[in-house]
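S.K.: Take the sequences, apply the hints, and build the full model.
There are 2 protein chains.
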Amino acid sequence: MGLIVQKYGGTSVGNVDGMRRVAERLLATKRAGHEVVAVVSAMAGVTDNLIKLAREISAQPTEREMDALLATGEQGASALIAMAVNAIGGKAVSLSGAAAGIVTDGVHTKAKISHISPRQINELLAEDYIVVVAGFQGQSREGAITTLGRGGSDLTAIALAAALKADDCQIFTDVDGVHTCDPRVVPDASKIDEIAHDELLEMAGAGSKVMQSRAVEFAKKFGVGFEVRSSMKDVPGTRATAEAPNMEDVVVRAVSLERNQAKVTICGVPDRPGCAGRIFSVISAANVSVDMIAQSASTTGTTDLSFTLHKDEFAIAEKLLAPLVSEIGAAAMTATTGVAKLSVVGIGMRSHAGVASRLFACLGEAGVNIQLISTSEIKIAVVVDEAELDRAAQVTHAAFGLATPRSSAQP
Amino acid sequence: MGLIVQKYGGTSVGNVDGMRRVAERLLATKRAGHEVVAVVSAMAGVTDNLIKLAREISAQPTEREMDALLATGEQGASALIAMAVNAIGGKAVSLSGAAAGIVTDGVHTKAKISHISPRQINELLAEDYIVVVAGFQGQSREGAITTLGRGGSDLTAIALAAALKADDCQIFTDVDGVHTCDPRVVPDASKIDEIAHDELLEMAGAGSKVMQSRAVEFAKKFGVGFEVRSSMKDVPGTRATAEAPNMEDVVVRAVSLERNQAKVTICGVPDRPGCAGRIFSVISAANVSVDMIAQSASTTGTTDLSFTLHKDEFAIAEKLLAPLVSEIGAAAMTATTGVAKLSVVGIGMRSHAGVASRLFACLGEAGVNIQLISTSEIKIAVVVDEAELDRAAQVTHAAFGLATPRSSAQP
Chain A
975 MGLIVQKYGG TSVGNVDGMR RVAERLLATK RAGHEVVAVV SAMAGVTDNL IKLAREISAQ
1035 PTEREMDALL ATGEQGASAL IAMAVNAIGG KAVSLSGAAA GIVTDGVHTK AKISHISPRQ
1095 INELLAEDYI VVVAGFQGQS REGAITTLGR GGSDLTAIAL AAALKADDCQ IFTDVDGVHT
1155 CDPRVVPDAS KIDEIAHDEL LEMAGAGSKV MQSRAVEFAK KFGVGFEVRS SMKDVPGTRA
1215 TAEAPNMEDV VVRAVSLERN QAKVTICGVP DRPGCAGRIF SVISAANVSV DMIAQSASTT
1275 GTTDLSFTLH KDEFAIAEKL LAPLVSEIGA AAMTATTGVA KLSVVGIGMR SHAGVASRLF
1335 ACLGEAGVNI QLISTSEIKI AVVVDEAELD RAAQVTHAAF GLATPRSSAQ P
Chain L
975 MGLIVQKYGG TSVGNVDGMR RVAERLLATK RAGHEVVAVV SAMAGVTDNL IKLAREISAQ
1035 PTEREMDALL ATGEQGASAL IAMAVNAIGG KAVSLSGAAA GIVTDGVHTK AKISHISPRQ
1095 INELLAEDYI VVVAGFQGQS REGAITTLGR GGSDLTAIAL AAALKADDCQ IFTDVDGVHT
1155 CDPRVVPDAS KIDEIAHDEL LEMAGAGSKV MQSRAVEFAK KFGVGFEVRS SMKDVPGTRA
1215 TAEAPNMEDV VVRAVSLERN QAKVTICGVP DRPGCAGRIF SVISAANVSV DMIAQSASTT
1275 GTTDLSFTLH KDEFAIAEKL LAPLVSEIGA AAMTATTGVA KLSVVGIGMR SHAGVASRLF
1335 ACLGEAGVNI QLISTSEIKI AVVVDEAELD RAAQVTHAAF GLATPRSSAQ P
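Chains A and L supply the protein sequences, listed in that same order. Going by this note's numbering, the first sequence opens with residue 975, and the numbers climb by one from there. Going by this note's numbering, the second sequence opens with residue 975, and the numbers climb by one from there.
Calculated directly from the structure, the hints in this document are not laboratory data. Keep in mind that this is a model prediction, so the values were computed, not measured. Watch out, some of these pointers could steer you wrong.
Below, in silico cross-link-like pairs of lysine to aspartate or glutamate (DMTMM-like), each with a Cα-Cα straight-line distance of 25 angstroms or less [as the list claims (entries may be wrong)]:
id	chain 1	residue 1	chain 2	residue 2
1	A	K1065	L	E1037
2	A	K1004	L	E1037
3	L	K1065	A	E1116
4	L	K1065	A	E1030
5	A	K1065	L	D1079
6	A	K1065	A	D1141
7	A	K1026	L	E998
8	L	K1065	A	E1037
9	A	K1004	L	E1030
10	L	K1026	A	D991
11	A	K1065	L	E1030
12	L	K1026	A	D1022
13	A	K1026	L	D1022
14	L	K1004	A	E1037
15	A	K1165	A	E1191
16	L	K1065	A	D1079
17	L	K1139	L	E1217
18	L	K1207	L	D1148
19	L	K1183	L	E1116
20	A	K1065	L	E1116
21	L	K1207	A	E1030
22	A	K1207	L	E1030
23	L	K1293	L	D1359
24	L	K1086	L	D1162
25	A	K1195	A	D1167
26	L	K1026	A	E998
27	A	K1139	A	D1079
28	L	K1004	A	E1030
M.R.: Written out as structure tokens, the structure is:
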């Protein structure tokens, strides 16, 4: 018994059958004695169609109008879900983001939530309604419709759970939770029962496409526990929490993979202040996102500087940097696509030594060459040849015992 | 120079080319020195698709949610039109009905406008924007999205013109104005240059599908002059005004036609109080709309009572009335479909005699039998065999000289 926020993505509400299933689940949750707030995305495909229409109208659609246009997708879906609940004997109303009291800054297409005034939601809950809120959107103080950017509906759900002091927040998706690795690559990847916000954040940054980082960051900031679970099956998913004491027993929680990377190495960079700054300011001025950066220690007065980026941005980076090599007095530049990133993530790393050595050893035994290494407090990432990524994932997953129940498999 | 409200229907904004044309016209109007407020309907087909989706979800969708769903159609179209204006160098913003300050009662799917607070529109106009308002919708005092029912976008335009004290209101459609008769029936039907609100109202009630009665009633009530004109051609349309002094020079303004009617006659109804009431209370209890009603004078202690209704409601009316005939002591009932209504409309009738005789004479000469007659102050309607309607329309149109310029052809 308590207040539960449930979020359903575009695939879950993608057709009439899906919407009926969502309605049934909402009503079942209500009938189990809970207060229920639903957050829904636009029906799958609707947003893409609206974007296509806007681009036909204008090569560069006004962002304010783009928001007003795209917000209609979630508004329509929330009305349909409320109808579907009412059709099976429930009592539901839909609210746009604005009506739900979600106030944002005025930055169109990527607005930030300033605060939430959940007065109307609370009134409707008190009148025994299931409240269906359109995800992904809010309203600026000036009254303009704003949208929250990619993954915005997850953020709506987490933020509402925080504002309403919900007892639980459930993120329904087309997978049944967060896995120890991509099951298409590692067939014995298993569902993770419990994960820390920080781990989920690192995984999102490392290529695991479960939830957008912004929503997880918000959950972390406001201490919102939530569960990622399947909208198709009624089985427990993955619970994300601030951090449970026994979480550190697990050294590595998951292996994340990111393909389509490129690697640039500038050799013989003079070891003097300003060289690295010069290189990356040129790149960031072109809005190219750099991921991993590694610099070898200087012993001869020069260093080698390597970094990775998405292969789609490789051509522009290469073109910008080529003239710079001689300008800063570096020796040469090598640049290559066809690489990928493998990361092991786990908050247990903080207190357990030997993770790096075990990772490097298992990759070495498998004959996988490590091209670049980067670490954070709870993550070790390596760059390998993309052709070797699947094998690398499989041996790493096995080496850290992720397939079997984790409590018994950890050292 | 002044403030102009322009309304564009679903066909005008039905595709990208149409939306570009609308944007060009808005910008041209603005550049001619006017302040411009646009009111737009949903893209043709969008509303029907949403209704279809809702009916798949629920046999009887919640009206509140239906409004929230359907309102997205106009919201999307208004955002796209604003984008299209901006794409060609103009400066436009879209507003939902709620944001435009349109406050309605809480009667979902057929809300009435309570008042309009045009503060935000005025501010945006002062900042030199073209303001594009989503038609057909408003917001109740409780904050729920409401819609205004069929033809609601026309009403939005007229109501905004009144609230903003606009200098003109232009209703753009796919025809180039109001005609003296349906040009598919009477090929030499001509466009009417000026018409009185009352005439347009009678025509709408008599089957001419130019504008919904509610919008015209609102225009009449608040003295809003408007022009019905083509969105495809830049030619003057039909001006509707309260009433110009010289309007009465024209005896008959137009011939309106309505097909698919049915006629019921109950013969030998005892001429005592309560019989007619009994008949029509049975019918209205079943939500059947009756159009014309005629009762012959009583000479023998009984009367004959006839009325017309839409043929789709014929079966239910017949079923309800059959047992009633003997109950009230009437002689018999005859009921037939395959009839149609022809009406001549014109405020000049008030001061000119002889309209009825001329109408009946021309129909008689053409061998068209008149089955029922009903009159109002500015209209005479007759029921004829549906198979004879076209011919009846042609001879009537000719008899009142409507094809040729009207000033010279009138008696």
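S.K.: Starting from K1065/L, check that the Cα of E1030/A is at most 25 angstroms away, please.
M.R.: 18 angstroms, holds
S.K.: Take the C-alpha atoms of K1026/L and D991/A, compute the straight-line distance between them, and say whether it is at most 25 angstroms.
M.R.: Distance of about 14 angstroms is within 25 angstroms: holds.
S.K.: Against the 25 angstroms threshold, does the CA-CA distance of K1065/A and E1030/L hold or violate the hint?
M.R.: 18 angstroms, holds
S.K.: Starting from K1004/L, check that the Cα of E1030/A is at most 25 angstroms away, please.
M.R.: 24 angstroms, holds
S.K.: Within a Cα-Cα threshold of 25 angstroms, do K1293/L and D1359/L meet the stated pairing?
M.R.: Roughly 23 angstroms between the alpha carbons, so the hint for K1293/L and D1359/L holds.
S.K.: Taken at face value, is the distance from the CA of D1079/L to the CA of K1065/A at most 25 angstroms?
M.R.: 22 angstroms, holds
S.K.: Taking only the CA atoms, is the gap from K1195/A to D1167/A under or equal to 25 angstroms?
M.R.: 22 angstroms, holds
S.K.: Holds or violated: K1026/A with D1022/L, Cα cutoff 25 angstroms?
M.R.: 21 angstroms, holds
S.K.: Can the restraint linking K1207/A and E1030/L be considered satisfied, given a maximum Cα separation of 25 angstroms?
M.R.: 24 angstroms, holds
S.K.: Can you confirm whether the C-alpha distance between K1026/L and E998/A stays at or below 25 angstroms?
M.R.: 21 angstroms, holds
S.K.: K1004/A and E1030/L: Cα distance at most 25 angstroms?
M.R.: 23 angstroms, holds
S.K.: Need the status of pair K1207/L, E1030/A: alpha-carbon distance at most 25 angstroms?
M.R.: 24 angstroms, holds
Violation of the numbered hints given earlier is confined to hints 19 and 24; the remaining hints are satisfied by the structure.
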